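All chains should be modelled from the sequences, with the hints used to inform the complete structure.
Residue numbers (my numbering), protein chains in the order written: chain A, 1 to 298; chain B, 299 to 738.
Simulated from the structure, these hints should not be mistaken for lab results.
Remember, it's a predicted structure, so these values are computed and weren't measured experimentally.
Please note that a few of the clues may not be correct.
DEER-style ranges, computed between Cβ atoms [as the list claims (entries may be wrong)]:
id, chain 1, residue 1, chain 2, residue 2, range
1, B, Gly718, A, Asn170, 30 to 38 Å
2, B, Pro357, A, Glu90, 47 to 55 Å
3, A, Asp246, B, Lys369, 28 to 36 Å
4, A, Asn184, B, Val419, 52 to 60 Å
5, B, Val722, A, Gly297, 54 to 62 Å
6, B, Gly435, A, Gly297, 28 to 36 Å
7, B, Ser434, A, Glu55, 58 to 66 Å
8, A, Ser138, B, Glu589, 46 to 54 Å
9, A, Asn73, B, Lys489, 28 to 36 Å
10, A, Asn174, B, Lys684, 33 to 41 Å
11, B, Ala521, A, Asp246, 49 to 57 Å
12, A, Pro2, B, Thr398, 33 to 41 Å
Here are some chain A residues the structure puts well away from chain B; computed CB gaps all over 10 Å [what the hints assert, rightly or not]:
id, residue
13, Lys92
14, Lys104
15, Met226
Under the rule of at most 27 Å between Cα atoms (straight-line distance), these lysine-lysine pairs were calculated in the DSS-like manner [what the hints assert, rightly or not]:
id, chain 1, residue 1, chain 2, residue 2
16, B, Lys383, A, Lys10
17, A, Lys92, B, Lys733
18, B, Lys347, B, Lys495
We put the CB at the ideal spot given by N, CA and C, even for glycine.
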Amino acid sequence: MPEVPIPKEKWSGKITEVPLSSDISVGGERGMPFLSYEGLGRRQLVAGEVIDDPEIADFCKENPVDQAKAWINECGVDLICLKLLSTDPERKNTSPEDAAKTAKEVIDAVDVPVIVYGCGNEEKDPKVLEAVSNLCSSERLIIGQANENTYKSISAAATANGHGIVAFSNLDINLAKQMNILLNDFGVKLDNVIMDPLMAGLGMGLEYSYSVNERIRIAALMNDRMLQPAMICDSTGAWDAREATDDNPLWGDADERGMWWEVATALAALMSGADIVIVRNKNSAKIVYDAIRDLRGE
Amino acid sequence: MPTAIEIFKFLPKSNCGKCGFPTCLAFAMQLANQKVKLSACPFVSDEAKAALESSSAPPIRLVSVGTGDKKIELGEETELYRHEKKFFHPTCYALTIQDTLSETEIDSKLNEFSKLEFERVGQILRLDMIAIEDKSGNSETFSSVCNYTASKTDLPLVLISSDDQSMKAAASLISSKKPLLHAANKNNLDKMINVAKETKCPLVLKESDLSELAAMVEKAKAAGVEDLMLDLETSSLQQVVEKNTIVRKNAVKKTFRGLGYPIITDARNVKDPVQTAMVSTMKYGGIVLLEDLKPSQALPLFVLRQNIFTDPQVPIQVKSGIYPVNNPTEGSPLLFTTNFSLTYFTVLGDIEKSKIPAWLLVVDTEGLSVMTAFSAGKLTPEKVAKSLEDVDAKTKCGNSPVIMPGMLSRMSGKLQELSGMNVVVGPRESSGIPKILKNL
Ligand code: SF4
Chain A
1 MPEVPIPKEK
11 WSGKITEVPL
21 SSDISVGGER
31 GMPFLSYEGL
41 GRRQLVAGEV
51 IDDPEIADFC
61 KENPVDQAKA
71 WINECGVDLI
81 CLKLLSTDPE
91 RKNTSPEDAA
101 KTAKEVIDAV
111 DVPVIVYGCG
121 NEEKDPKVLE
131 AVSNLCSSER
141 LIIGQANENT
151 YKSISAAATA
161 NGHGIVAFSN
171 LDINLAKQMN
181 ILLNDFGVKL
191 DNVIMDPLMA
201 GLGMGLEYSY
211 SVNERIRIAA
221 LMNDRMLQPA
231 MICDSTGAWD
241 AREATDDNPL
251 WGDADERGMW
261 WEVATALAAL
271 MSGADIVIVR
281 NKNSAKIVYD
291 AIRDLRGE
Chain B
299 MPTAIEIFKF
309 LPKSNCGKCG
319 FPTCLAFAMQ
329 LANQKVKLSA
339 CPFVSDEAKA
349 ALESSSAPPI
359 RLVSVGTGDK
369 KIELGEETEL
379 YRHEKKFFHP
389 TCYALTIQDT
399 LSETEIDSKL
409 NEFSKLEFER
419 VGQILRLDMI
429 AIEDKSGNSE
439 TFSSVCNYTA
449 SKTDLPLVLI
459 SSDDQSMKAA
469 ASLISSKKPL
479 LHAANKNNLD
489 KMINVAKETK
499 CPLVLKESDL
509 SELAAMVEKA
519 KAAGVEDLML
529 DLETSSLQQV
539 VEKNTIVRKN
549 AVKKTFRGLG
559 YPIITDARNV
569 KDPVQTAMVS
579 TMKYGGIVLL
589 EDLKPSQALP
599 LFVLRQNIFT
609 DPQVPIQVKS
619 GIYPVNNPTE
629 GSPLLFTTNF
639 SLTYFTVLGD
649 IEKSKIPAWL
659 LVVDTEGLSV
669 MTAFSAGKLT
679 PEKVAKSLED
689 VDAKTKCGNS
699 PVIMPGMLSR
709 MSGKLQELSG
719 MNVVVGPRES
729 SGIPKILKNL
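Next up, the structure:
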């Protein structure tokens, strides 16, 4: 009988392991996603999205602490991603001090690791994240997103307080690498960095992200140190697609469709190399969590 | 294609010149470059012919199911990752009809299935195939349901039965429609191969152990049945990823040639059919068999397939022209952007977020993004002014301004002059659009 070989690739590099708390880490893969014969690494994690102020987001109703608790109690998510969107000068312009207090409350309320994001405004984010990092200096925390214009103050605060950072780049393997080089040159240890190469939602450029992620993973496995940090992908961009949420009798139930839209985005992120996926909907979180287990043969 | 030296080994080396070339080696070189046909040499042995044909065969055989313009083709893939070139044949989805259903029930199922059709960025996304399952265990019932269904749809069919008699009866009736036979297993292998041979229909070989499966492929090929697909009996997402990868990678990297056929994933009885279909779509699945799909599942699944099978060298372009967003009226502001789909979707999303009625003008930049198009001279003030005129922007906007991408600020003066409209420089990042619209 013919013997079918297992075409295991002899990669020389591996994804860096990043500790998120004293007992949870991500990364460590020695092969392409979910190939157990190449080396699975740590389990991929699901992060539940929490918005700091329900008044600015029509998809959440509770205060951030209750949102975080609901994620833990109803879904058992691995971690929380708190987005301090209200700090945006174009929204409520919440002060860095108040935002930091919110972050502290959320962190104190849950016993899973927390990632804290700013609002994406390049002038405000460094101030907000610095305040968060300083106020929560006794906790292990990941803050982000740092980009080429904001990384200095964000990573200085993170390094001083023993926090990790999320490095953001705009859908391009070279920019992702450049961002990590900047951080490395600035003295940030790359085993404290998680990279976010921008996950485009389903139907909105998902294929670009899918290929950028795959290329990053391949380069990392070929031992490009500057592309070896673990990867985080935000699947909540899926909800921006009008096909995900519009009411249209021909497209079926909108709630269910939105859920699958987010699941498809998260699965594409995972299949192309994500170590952490951020999700918005509790049902999609459960499906993605189960899919990760199933993909790993657990 | 084999190299000239590989071909040369099989030639008589008599340099007789009958092929039109002075030497066998010269002929071999022409053949390697696909300039001539092997048949030009009258002295090649059958054995040599077979050997050369198989080594010049694509690593994954092209297999088609069905007839007419809904016919599907799978195989001839050459890549492991889409960025290396592209994935050629999109995954096909088949939904199931049980042969225990009445004709009215079948009609209504087919009607439901036909609703799974959506138009998106100029492409039609729809269901590809219908599977008919032998649940009755009765050969006559199965045949007549297959025959009935075949008369009601022009989609390619998959016939599902493990009984060779039932399969033979049904396949013979509708063999002109070239249905896919699912499936031969270890126990019925010889008989199913015969059915496929007699009906000239493509055949699925089903076996979870890949080495066993390769042995089954050899048997089928020896019997002259080559239009094969492989059901790897995957029962978890992990198995889908791993087994599909082993089969695909061995084929395209030529580390093992015996499994170079399209893969069919049977997701009818798994606990998470939609997730299985999504993973199989991303990881080399040719056909995915499903019990059913709701529109709310089908649309995201089909869009995922559309995304993954997009040619990475050819960005999806949006049709140029004017798009109403949030129900604009005459006098609403107008924003313009490029026809690169990613740019378009981002800008569209941000205008929608603002909830402010506006016109979105998409200028044809051959799929380039704003900055690239500008640098390449594909987004000039002249071109934008012309597009504005083509869509009669003056009437549409009334006294409202034209908002231009912030990155193009240096052409604002010229555009204002050419168009005769009030031009406002917008934000550099699309995310700033809601703010500028609110502050108009
Ligand atoms: S016809 Fe055949 S044998 Fe004769 S020279 Fe050509 S290749 Fe050689």
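### Query
Which hints, by number, does the structure contradict?
4, 9
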